[in-house]
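Novice: Here is how the chains run, residue by residue.
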Amino acid sequence: MDIVIVDDSAAMRMMIVRTLRQAGFGGNDVVQAGDGVEALEAIRAKTPDLVLADWNMPNMTGIELLQALREEGNDVTFGFVTTEATSSMRAQAREAGAKFLISKPFTVESFEQVLAAVMQ
Amino acid sequence: MTDYILPDAKSVQQILAAMYGDELVVDVDDSAPLAGRHVATYVGDADSIVALCACEDRFVAYSGAALTMIPANVADEMVEQKDLSAVILENFHEVMNICSRLLMDDNSPHLRLEKTLLPGEADAAMSKVTEESRAVNLKVAIPEYGHGHMSFLIT
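Chain order of the listed sequences is A and B.
To convert, note that position 88 of the first sequence is 132 in the working numbering; the numbers rise steadily by one, no gaps.
To convert, note that position 48 of the second sequence is 49 in the working numbering; the numbers rise steadily by one, no gaps.
Careful: at least some of the hints might be erroneous.
Unchecked claim - With the C-beta cut set under 10 Å, the calculated list includes, among others, these residues of chain A facing chain B:
| id | residue |
| --- | --- |
| 1 | A55 |
| 2 | T121 |
| 3 | A129 |
| 4 | S132 |
These are calculated hints, taken from the structure and not from any lab test.
Values in this document were obtained by computation on a predicted structure and should not be read as measured data.
From the three backbone atoms N, C-alpha and C, an ideal C-beta is built for every residue, glycine too.
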């Protein structure tokens with residue numbers, strides 16, 4: 045499986061990679077991007093199976109990235125890993141086409157539960 | 002709609018323990034001065050500062066180091082030298098981003114982390130703190146690293 049991880053924090057990208065591995069999703073091909081602009085280029089080039097994106101990032105936010113992908117007709121499975129955890133932000137994510145939202149700080153269990161359901 | 006949330010020791014412990022382990026301890030402690038701290042600024046949807054988190058060097062070093070398992074003695078040395086590395090500061094920025102969750106809920110206005118400022122850059126931001134501001138002063142002990150002070154201020 046090809047996964048694109050998008051977060052402006054290198055530490056957070058590293059933690060997501062580690063958590064994916066601990067949740068049983070290791071051994072995948074992972075590409076990292078530092079903001080939405082970088083991610084959009086990577087996704088266009090790679091056609092991944094899954095995008096895990098932060099919400100608040102410089103240059104292009106996660107929600108802007110998702111909207112840009114859907115406008116291009118790209119329906120890649122997209123989920124947020126973010127501090128934006130209120131019900132209004134979850135609703136906004138859902139309306140834009142996100143499959144899930146994992147709130148930071150996250151646990152291995154939260155990744156297991158969400159990804160097992162989404163990636164079936 | 003109510004105002005932004007002023008966190009308490011319990012809510013701070015819960016969110017930081019999710020990153021650093023259940024042994025993390027948070028106590029209210031008003032003994033440490035606010036001067037000379039690193040400051041995270043949080044802005045509302047109108048992009049004006051609505052809250053701050055002011056943290057001692059030690060909290061910045063320990064929270065940043067522990068996030069990516071930089072050894073404690075390396076963090077201690079940076080504190081002694083008053084020279085925190087770019088990685089530590091970047092990690093601290095992410096810790097402050099995660100702490101934004103403590104300041105809002107479904108019933109409060111929305112906010113987001115704007116930036117993290119070094120001690121010498123924080124005077125303008127700290128001038129937003131007035132007698133009407135609400136504050137909580139905390140001492141945080143991060144397992145395997147040590148303790149430092151952090152204060153949340155709702156401007």
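Novice: When the structure is checked against the list of hints, which entries are broken? Sort them ascending.
Specialist: 2
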